[in-house]
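Sequences are here, hints too, so could you generate the full structure?
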Amino acid sequence: MTPQELVVRALPPFGGWLALSALALPDGSVLRGAAMVAFLAAGPGAAMLRICGPALAMVPAAGPVERRDPAFERHSDQLERLMLTVFVSVALVLLAGTVFIATHAFSAQRVLLTLTLLTTAAAFCPRLRASPPRTAKGTAT
Amino acid sequence: MSDLSDLPPGRPWWHAASHPAPALLVALALWGWAMTHTDVSDLDDFGLVTALHPTFWAGLALLTVGFWATLRGPRRHPAWAPAYVVGLLVMERATQAVLYPTPLYAWAWKHDAVVDHLLTAGRLENADAIGDMAVYDQWPGFFAAQAALVRLLGVDSAAQFMAWWPLVCGLMLLLPLLLLYRTFTEDRRLIWTGVWIFCVANWVGQDYFSPQSVAFALHLGVLAVVLRRYGRPGQSAVRQRQAVWTVLLTVLVVAVVISHQLTPGMLIVSLAALFLTRRYRDKVPLVTTVVIFLAWCLTAALPFLSAALPDMIRSIGDIGGNVSTGYGATPTGTGAVTTSWVARLLSASVLLLAVVGVLRQPVLRHRAMPLLLIAAAPLPMLGASSYGSEMIFRVLMFMLPGAAFFAAAALLPQVRTLTAMERTSRTEPRLYGWLPLLALLAGTLAFVPSYSGKDRISYFPPAEVDLVRQVVDQAPDASLVVAADRNYPLAFADYWRVDHYWFLDDDREHVDAIVHDPAATLARDMSAVESPGRAYLLFSRGQFADSEMNGLLTKGQLDRIRQSVDASPLFERVAGNDAGVAYVLKETGR
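Protein chains in written order, with my numbering: chain A, 11 to 151; chain B, 295 to 884.
Hints may be right or wrong, so weigh each one.
The following label-pair restraints were derived from C-beta to C-beta distances [claimed, not checked]:
1) A:Ala115 to B:Asp872: 41 to 49 Å
2) B:Val392 to A:Ser31: 26 to 34 Å
3) A:Thr113 to B:Asp338: 31 to 39 Å
4) B:Ala537 to A:Ser31: 33 to 41 Å
The set of hints was computed from the structure by calculation and includes no laboratory data.
Given the structure is predicted, the values throughout are model-derived calculations rather than measurements.
Glycine is no exception: its CB is placed at the ideal position from the N, C-alpha and C atoms.
Rendered as structure tokens:
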């Protein structure tokens, strides 16, 4: 594992535990707010995408007909990852909040702890690799 | 020692001014100056338009010119266009947050009350406990997340951060919007002009603190993923790999479905429209969305839907009724009429430009056909429901991502096929320098009256918030708060223990009875409140502004009602300041 991979793997759970410890800061403090917002807006999504990344990349993305800029496709993929990081995080926050409120077990700390544990568990998971496409006889190409 | 001839040729002094940085920085500086020199304490019928310091307009114009110049400069770094768009979002969506000391929009305050309810109750409740407001507990996603956020930030309520929601929402929307456009073109001028047009034409104002703001962004995110990853004919191997994408898609769709009623419907019609094309004939996204939507509707949302179903069925096909904005939404007065027409003109211009773009760009029309379908897909919803007289605005908003792309195409030189480009090397006509710039300038400046022209209705000064807070705080459980209409802050505060009645919502005959004999009629209406509850009557400047500017009662009529109550022995004044006054119905008045 390269240092970069280690950072990508460890940063989301670190953000979650940091947000949990930020609960000790005074109500309404800027540092506390920054830690919460940063984790809730990106942490869970980043952890999920790290696991799914290779499998997701197996499906080729549709792009423009003109192919003048060789970096265009790569930049679009990066933009897509950024969007999914944020949107999956937001979606998971909505889901976690709803599950707790619907089961009469709502507390903000529980929502944050659940997302942090989920993110931490995701950091220990291996990356999901899609099986290679099969030929008619079932052998790998 | 080098020869002087080795040095690059000298550049004229004005070269530095043509760099993107000075225009952006000066525009933002002008905006900053305007923010410190604008007084919002006495808004007139034009809202923020006439209150803004002139430097705001200069900054906005400079920003637009700078943006256009940046796009046309072929050697400009690609980061400048996004920098300008972020600058635009700041000037468009952060201005109100900076200028007003309290959050805008009665509906945003209502959503704050829903968050407050979840925090107080700690669970979802049905109509038996909270009446009509139970509808929010049946789509709780956004509110549950905000309830968690309020506690995690350690603030008293969402009112402390919701003024900034439009900016957050605008930034969020940029991501899927860019991805959508980048799926069909590499031309950064087209992409960023489309984004710019979307930002300035999106005046409908659904970006306030609301479930639809988040659901709309997620909706665009789902469409972007489908267009990029489900656009190939479904071979079994590809389908196998798409399973992971479908899991991600499911997470996003579930978040949309649990948060908002209308957005899943819009998503389904958009996915269905795509499914009709050969390129996107993959049923997985459509079926997934329909199944999740139905599952939610038939379980958690069933109480609301079963009650609302007869009305929903009646409104199907009634396009005239569905697009009418209804009683109490007729702009009245020079300011309201003018700003409404500017908004309509802005939307009509963008749609017209989009039609022009579709007609004069056959290559793009073919390549970006899915975007055209996405733009047209929401139209049938006009025949499906009135959505509380708001359907026409919602349809407009959902059409906008596709429409803005083709509107941008109308402002730019014709897109040609690769072969045609190799055969001819046409230079860009001069027309494409000035006309599009003027169109962008007009649209950008028109955004302000469209979005902020009714701020006299939407803004509630701190005194008005204090007044309502005083009433709610002193109201015992099971009390009733009566007001002219619901356009005031905290109108839904504590709705689980305090009931509300807005007499302008009643039928016209009863409103006329109140105008004819105010104190006695209102006292009769309020007399059914049982002890220990009390019945309060509240008049505040937000109600007056809304009633006057939307063609309900005139200021004279409302003043007469207030004076009648003030002079009546049935009522006692309990609070008041320069933003309004509150009375309580005396025990002897029952």
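Q) Which numbered hints are broken by the structure, listed smallest first? A) 3
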